[in-house]
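Undergrad: The primary structure of each chain is shown beneath.
4 protein chains.
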Amino acid sequence: MKLKNFLVLLGIVLFSTSVQAGRVVRDSIDSRVLGEVRHFSIYLPDAFFVQQERHFPILYLLHGLSDDDRAWTQKGQMERVCDLQMASGEAVPMVVVTVEAGGPDIKKHWNGYFNMEGWQFETFFFEEFLPAVEKKYRCGGDKNQRAIAGLSMGGGGSVSYAQRHTDLFSSCYAMSAWLRQDDHLQSRGHLESDRFKILAEAVHNLDCVRFVAEADKERCAELRTVAWFIDCGDDDFLLQQSLELYGQMRLHGIGAQLRVRDGAHTWEYWHTALLQCLPFASRNFSH
Amino acid sequence: MKLKNFLVLLGIVLFSTSVQAGRVVRDSIDSRVLGEVRHFSIYLPDAFFVQQERHFPILYLLHGLSDDDRAWTQKGQMERVCDLQMASGEAVPMVVVTVEAGGPDIKKHWNGYFNMEGWQFETFFFEEFLPAVEKKYRCGGDKNQRAIAGLSMGGGGSVSYAQRHTDLFSSCYAMSAWLRQDDHLQSRGHLESDRFKILAEAVHNLDCVRFVAEADKERCAELRTVAWFIDCGDDDFLLQQSLELYGQMRLHGIGAQLRVRDGAHTWEYWHTALLQCLPFASRNFSH
Amino acid sequence: MKLKNFLVLLGIVLFSTSVQAGRVVRDSIDSRVLGEVRHFSIYLPDAFFVQQERHFPILYLLHGLSDDDRAWTQKGQMERVCDLQMASGEAVPMVVVTVEAGGPDIKKHWNGYFNMEGWQFETFFFEEFLPAVEKKYRCGGDKNQRAIAGLSMGGGGSVSYAQRHTDLFSSCYAMSAWLRQDDHLQSRGHLESDRFKILAEAVHNLDCVRFVAEADKERCAELRTVAWFIDCGDDDFLLQQSLELYGQMRLHGIGAQLRVRDGAHTWEYWHTALLQCLPFASRNFSH
Amino acid sequence: MKLKNFLVLLGIVLFSTSVQAGRVVRDSIDSRVLGEVRHFSIYLPDAFFVQQERHFPILYLLHGLSDDDRAWTQKGQMERVCDLQMASGEAVPMVVVTVEAGGPDIKKHWNGYFNMEGWQFETFFFEEFLPAVEKKYRCGGDKNQRAIAGLSMGGGGSVSYAQRHTDLFSSCYAMSAWLRQDDHLQSRGHLESDRFKILAEAVHNLDCVRFVAEADKERCAELRTVAWFIDCGDDDFLLQQSLELYGQMRLHGIGAQLRVRDGAHTWEYWHTALLQCLPFASRNFSH
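Chains as they are written, first to last, in this note's numbering: chain U, 1 to 287; chain H, 1 to 287; chain Z, 1 to 287; chain W, 1 to 287.
No incorrect hints appear here.
One copy or two, either will do: identical chains are not told apart, so a pair holds if it fits within one copy or between any two.
Below are the SDA-like pairs computed for lysine to any residue, each with C-alpha atoms no more than 25 Å apart in a straight line:
no.: 1; residue 1: Lys75; residue 2: Asp46
no.: 2; residue 1: Lys75; residue 2: Arg23
no.: 3; residue 1: Lys217; residue 2: Ser88
no.: 4; residue 1: Lys217; residue 2: Gln51
no.: 5; residue 1: Lys75; residue 2: Val24
no.: 6; residue 1: Lys143; residue 2: Gly89
Simulated from the structure, these hints should not be mistaken for lab results.
Only chain U is shown next, with the shape it has when bound in the complex (with noise of 0.2 Å):
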């Protein structure tokens, strides 16, 4: 066959094989709990339409301060990595779900993953969003088909919440953790505000680093049941909560992987970051 034909031949298969693509559908939940609206933001892969009772993993992916559910899709291109890594086999088809968790004024928009006086966002993720998208979205189920993963506010949303439940959750991937909140950061002046005044008391409340370094026997054997990976940049401002965080568990011997790779508190981290992320939950959920 001659290099043209051949070229001509592949040319037309490869054309009418199109690429297998998921698609982000962004849709809400009414809460009780809240008084209110949230959105949420879902990546389905192509084998969810194709394949009508087929059951899937899930990875919660938190977005970060000031931002909603869109963030990883519009600034993140969440969808594009879930596609890559879903054809190619690196990452097996899961849902992935962002929910809105913040807003863009920090003073006047209720940010955060905790509960926090007038915001129980917490109990609203527990109690009515993981169960209502999981019936929805025929996904999840149990801690072997769910995994977590956040950046910033969202890692630290992220760790913390597979802290505490560690029965719900196979792996938890933070990037640029907000992991703790000292009282110096509470008192610089850009971040006064009633409302976030109280997410960083939350935080403070929540250290995610004092929670493994005052751990039992119990709570530690909890804690290694869960599959770790903490993800900062080198010229993150939060690099230092990411390595204390991974110093005591390693003192407390709960496994974890560490990657501190070149980059700042940015998208282009995050989204490279959701280049190993996705891997990481695929290897931990099992059947």
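Using the hints, position chains H, Z and W against chain U.
TA: Quick look at chains H, Z and W alone, frame taken from chain U:
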């Protein structure tokens, strides 16, 4: 020093040391050759603003069919990659520019980098655009300070420009390049249109593979003065064209890098290609 | 806690927690088919010694021309890659085995994975070696727990074995594979030898590209049950063969991964290929 | 042209174009300072033999405790990485040298890069070795053409040398570096020995973290003239030391790259570190 204080101090220092970041500006040029105004998007590195006398190398980064100069910034996150790699030193500080060479409706809008009846883009590029941009933005000036790259239609554009102007570019990085056009693709239904037909004919006439296949000794010697990098995804419908170009270059003893990575004809591919492209261009600049 | 004490404590913990490490054992089998003893080098993961009842998946990792079973360990640093990736979870704990299928003097020593006049290696492999090693080392047992890979002559061996035994292997990773043999190579001077000529003829007869080119519907369906990965360096003299195999597989709608990375026909290439091979095999094992 | 012929032609061309390859030579120097002969292993790039007048940059690549100058070649496959990256242009052609600074029995053999009672290695290095090797092998000559790197004990050696000789090295790449020594490690049983004790005391006296912690303005300014890269595995028992050094450098506004990748104190880690080290050194050479 206690860990907590160490953190606080570190936080202060890092917060006050903002990470280096360039800026993307949209500018335009009134072309006599084309008889209309064309836009261009230009990345100016942090150092451009700090060192007012300094001269920079330039990368011409071409966009693809039915896109315009904003594509690399808006869909390819060019600015993020530039900031990251210039901060870490993987890329040298350089100017990166994308010029508007297309429009969304390929039936109605002109697309393409070559001279065609009614659209003398190549003349515009070399006689008007290149000198104007290098003068206004303190960059380029000669082969050693100039590189070219592009995706798809722009991949073919970059290769053809560098093939026929070996005295102007030190390196060429072709992504998922559209390098040649046979009869088959011209007759595919959804590409039927006057302006696209004209483009396809121009691509056919400037076939980049044939250009090497027919090269005599002198042309081969010229082609060896440019550093070549060919990068195409394993699921890309244009893969075979990249393989053919590489094969011909090897046959003619013209050094080139070839990479086939995971992916299709997508922005996820080109985004990660840029991570290799900037260091490659940097290595091949000289003083 | 002071930094210094923190370090000391960390040091103690880490020193006493030795990193998981497997072991490479050299063993042998007395073959009735071949009428002689053949050696094999086998990597047994850390868990093999700790969990005495546990059953493991197995990767058959084939060596190249003029080498023997020790090559992957001594030149390819296979043990290091296995230890690294099984410790981090990128690869699942598995047994990796290389069987002696060659010798240094290609004129005098038998080399090759196929049945030839006077050297029934393929019969030996499937009837004697595979059952014996899987029984003795608690591994394999069926397709879902078995993968194959190899470099150069072993790359061709792995592809041909997997092509003709789709019921036995879940995945195949071919590195710099020698997949076919035309007349030209047979007549090259430095390869002139009886035993090499016999091998070249066997490779010619089992041409892996032709095997796909001539595949009917049924054969294609079988080939689709194996996960394929083709990996070859851009400076490798055998690159074209990998490209042809991939082209034919795409033409026949048989999914495959293709990678062309930087490098030639060298151990540096195969060492880094292994870093992709073990996770690929792991992803395609199932329970 | 038919595919088969294309392959054949390609094969001929590639076979006749042998890939560029350097050579590792073992040489020695009779030291008056040490009163004995010391060996060194030196990589000379392909271009060294072809261009007999050309001058090259040099990388001093230090080995670790209980090893000697052959370690980087025999265990770290230094030659393979050099060949690969110089062929593709990721590293510039350079000379790479490892000098014998240790021996297998740490109780009996001298190990270490510093001046100690009875072992004036640092004097030997700067007054005898460096000038001799740069003269004999047409390399180095000034800071812009000189880089230093090392692993473990050699990682500490490279950092301390570059800290105290900022006028001599343009860059420093520290792998899994032994940067400081507290009392605790000195008293660990298996390290008890006279010569090791002397080394440990020297490391304690030249503490690389303290060197930065105590830096005044002038010293900081000098340290900023070197490009620093700190690379250590997440499972390395010395990780905390690298983190401390980086933390101090950030506190003092001294730019540095930090990477924490997957791995422990192993040759697999250092081998892949070298893939980043050579391009880093290359980027920081200048003319």
